[in-house]
Amino acid sequence: MTAIEASKPARRRRARGLAVNFGRFAIMLATTVLGLLAVTFFIGRVVPIDPVLAIVGDRAPAAVVERVREQMGFNLPLWQQFVVYLRQALTGDFGVSVLTTNPVMDDILRVFPATLELATVGTLIGAGLGVPLGVVAAVRRGSIADQIARVIGLIGYSVPIFWLALLSLLLFYAKLKWVAYPGRLDVAYEYTFTPITGLYLVDAAWTRQWDVLWDAFRHIILPGALLGYFSLAYISRMTRSFMLNELGQEYVVAARAKGLSEGRIVWFHALRNAAVPLVTVIALSYAGLLEGAVLTETVFSWPGIGLYITNSLQNADMNAVLGGTIVIGSVFIAINLFSDLLYRLLDPRTRAR
Amino acid sequence: MKAPFRAKAFREFSAGVALAVLTALGGPAYAATPADTLVEGFAIDDLITLDPAEAFEFSAAEFLANSYNKLVNLDLHDTSKVVGELADSWVVSDDSLTYTFKLKPDLKFASGNPITAADVAYSFERVVKLDKSPGFLITQFGITGENVAEKAKALDPLTFQLTVDKAYAPSFVLNVLTSMTASVVDKEVVLQHVKPVTPSDEFKYDNDFGNDWLKSAYAGSGPFKLVVWKANEALVLERNDNAAVHQAALKRVIYRHMKESAGQRLALENGDIDIARNLEPGDVDAIAAKEGFAVTSAPKGTLFLLGLNQKNQYLAKPEVRQAIKYLIDYNSIASTLIKGIGEVHQTFLPSGQLGALEDKPFSLDVGKAKALLAQAGLPDGFAVTLDVRNTQPVSGIAENLQQTFAQAGIKLELITGDGKQVLTKCRARQHDMCFSQWGSDYFDPNSNAETFTINADNSDASKNKTLAWRNSWDPGELNEVTHAALLEKDTAKRTAMYQELERKVLDAGPYAFIYQQIEVAGYSSKVKDFKLGPSFDTNYVFPISKD
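Just so you know, the protein sequences line up as chains A and B, in that order. For the first sequence, the numbering used here begins at -11 and goes up steadily by one. For the second sequence, the numbering used here begins at 5 and goes up steadily by one.
Next comes chain A alone, as it looks inside the complex:
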């Protein structure tokens, strides 16, 4: 009985703590999203581009320009425009894109899977190769392997992706003919294949269309590998420094003293501890790729969200820009949440509190 009595206030305290935490989180989320909305809205309005121009074009007569300005509410004071916009956004209505004439939400649902698929392939390649590379570089610090890893990282960091993309197209597509281009599928499939989720690799495997799967793979592998290479550069450098930190810890000495094999110490003990900060690095690099790699998407004619938003921004298509920004912002927040959860899984100390 005593034990139960003692635990009751503790449980209540914990429940209250949880509620406070949740409340704090909800407030943080709300202010982040509101800030996001406000900043993008006002940036969109101070850009020295007439938004009506984007809708009617340069050649429209003055009367049409005025009518459209009136219809779009651009004659209202700025704060009123913002209120109208907020009201729409909160009901999930981002309006219609000027450039594509579709509801912005439809457009985003169409372009986002393309980016999601590409970013996922990129991150899988980047993390799959970057982590082992970083570990090897840390373990063999100063060796040839470390130097090679450093050069690979430096090139990945400093070479413009645009240039590398064209060069790799020239090599792997034009000369060697290993990969396919442009877009996500060959024309032969493009209009016979009906996507379900919009992730072509998944859809093709799901419907057992192996030839389509192969074709989609041949289209995605080069842009995916390029993005992977760029995140690899970052991930491997970070892995190396986290691992160096861990390998200097006393538990490693203790493990060696216990007679554990070097492989076990490195891959099981040290890497496991380095994994906690590494998750953040990988998650952030994934989120970065999800924003859409504009240049890669341009070169590969990849109909993703980066291209969509850039194009919209250049044309002052503010509905599309704002809708896209909110989706990306939400994805960013979601990925941060997810990496927080992973923290708890990987590091028992974060669970104790």
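By construction, these hints were calculated from the structure, which means they are not laboratory data. Careful, some of the hints might be misleading.
[As the list claims (entries may be wrong)] Here are the simulated DSS-like pairs of lysine-lysine, each with C-alpha atoms no more than 25 angstroms apart in a straight line:
(1) 532/B <-> 255/B
(2) 294/B <-> 163/A
(3) 508/B <-> 530/B
(4) 170/B <-> 165/A
(5) 294/B <-> 315/B
(6) 469/B <-> 315/B
(7) 170/B <-> 199/B
(8) 163/A <-> 263/B
(9) 550/B <-> 165/A
(10) 530/B <-> 165/A
(11) 255/B <-> 219/B
(12) 165/A <-> 294/B
(13) 163/A <-> 530/B
(14) 234/B <-> 263/B
(15) 136/B <-> 170/B
Quantities reported herein were computed from a predicted structural model and do not represent experimental measurements.
Given the coordinates of chain A, work out where chain B should sit on it, guided by the hints.
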């Protein structure tokens, strides 16, 4: 003892996988496009609608030209003439106010519905009542929402009558009717897709005339049907077996949105596309030199010019305007920066249009320019800004101008910006000099004359913000000549009037014309009968076949 063994096994396994992947990837890639399908790489991100009553974009012009028909069309052999398309013949009344068109009998839309004068009348009604960007093409004839039922009407199933408000030159009216806006839509099909609208002050009608649906759908009679349009991705046309006038040779045409010249070139060389439409000079040369490929080109109605704002005290002096025209190095710009994509042009009517002059009195002459500046009281030059887009070739040309202007003491400061940004500023006439481009709205000299030589009200509050207004220029008596030319029935006299206008603008106008755009495309020699037309709505794909 186990660990080394595992590592070895793993190494062997991964090497095996790598080898397998390499051989698989190295297998023959079937890159060729299907034999019955034409694939074009084409930057189509300007496309916002496929409704003929709303579309006004260059890519839309091409898609609509291949999927719709008009009453009349340009004679491709002599673009200063007009021939019948859906119309068998037409009669212009003696007072030049009434145009009566006889339709060819037994023509059908893609849906199988017969093409009648009622469809033509409905097409005009939509354009006028919707009054979108290109609506003025038809409303400029004095046709309004109130009177369109009377002014554009079907007399019987095969007779359509159009009544205009002034005795315009018939060549002008017919030329306007060749534009994509005058495409004939299938009334029955469109009526099935109209949406109810609550009438308001801005839009007085109770339905949207199918505009919302037709933005991305199709109701025409042209050689191709529109099947799919995915914005910024692709547009697919399929052969219309009921085609009214021209039959398509191929079954399908796919336009793939590709933005990069280098990417288009690679895809063309590898056989993934048959035609590359947005090649830059370097890539054009490479394709032209390669076996199995060819390039073709045609001048288009877009002119590139410097607009000289007359609000600027220096640019307002006629000698300074002349001096600037002598400070452009036309020859070296032509041989380098615009090689293959433009040709020097100095008058305000593009080559190919009725009355277009090919006069090129200006060339780089620093001595003459200096003398003119001295006459203007500016022997040491002056400083001035130029707003220019951050794209090639215009930004390269601007840098070239900076050098040649400096030789006469004019200090040119470049303000580069995004296309729409530069346009916004120049439309509000806040520039000194603006690097502008202007494409004709329809294939008639009035289109350009109306903007270059008309400015009835030079105040900031003007209703009609023409290019002359944007450059704060009062064309004076040229206003009258332009109006008169529009009403001149005698085509020879009309031609002479435009030529007079061109000479006067050439001499004193606030525009320094530099070049006319040439559209160029690279294509595989498998493609037969591919030609670019004299305008964006004459880039036909229906004659094309493949080996």
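Consistency of the hints with the structure:
1. Only pairs whose Cα atoms come within 25 angstroms are accepted, and residue 532/B paired with residue 255/B is accepted, the gap being roughly 14 angstroms.
2. Of the supplied pair hints, the one linking residue 294/B and residue 163/A holds, its CA atoms being roughly 15 angstroms apart against a limit of 25 angstroms.
3. For the hint linking residue 508/B to residue 530/B, the alpha-carbon distance of about 48 angstroms lies beyond 25 angstroms, and the restraint is violated.
4. Straight-line distance between C-alpha atoms of residue 170/B and residue 165/A comes to about 63 angstroms, which puts the hinted pair past the 25 angstroms bound.
5. Restraint check for residue 294/B and residue 315/B: not satisfied, since their Cα atoms lie roughly 51 angstroms apart, outside the 25 angstroms limit.
6. The straight-line distance between the Cα atoms of residue 469/B and residue 315/B is roughly 15 angstroms, inside the 25 angstroms bound, and the hint therefore holds.
7. As the CA atoms of residue 170/B and residue 199/B are separated by approximately 35 angstroms, the hinted pair breaks the 25 angstroms bound.
8. Restraint check for residue 163/A and residue 263/B: the C-alpha separation of about 21 angstroms stays at or below 25 angstroms, so the hint holds.
9. Between residue 550/B and residue 165/A, the direct Cα distance comes to roughly 23 angstroms. Compliance with the 25 angstroms bound is thereby established for this hinted pair.
10. Taking the CA atoms of residue 530/B and residue 165/A, the gap is about 20 angstroms. The hint holds against a cut of 25 angstroms.
11. For the proposed pair residue 255/B and residue 219/B, the alpha carbon gap of about 23 angstroms is at most 25 angstroms, so the pair holds.
12. Between the alpha carbons of residue 165/A and residue 294/B the distance comes to roughly 18 angstroms, so the proposed pair stays at or under 25 angstroms and holds.
13. Among the hinted pairs, residue 163/A with residue 530/B is consistent with the structure: their alpha-carbon atoms are about 21 angstroms apart, no more than 25 angstroms.
14. A threshold of 25 angstroms between alpha carbons decides the hint, and for residue 234/B with residue 263/B the separation of about 15 angstroms falls inside it, so the pair holds.
15. Under the criterion of a C-alpha separation no larger than 25 angstroms, the hint pairing residue 136/B with residue 170/B is consistent with the structure, at around 23 angstroms.
In terms of the numbered hints stated before, the structure departs from hints 3, 4, 5, 7, listed from lowest to highest.
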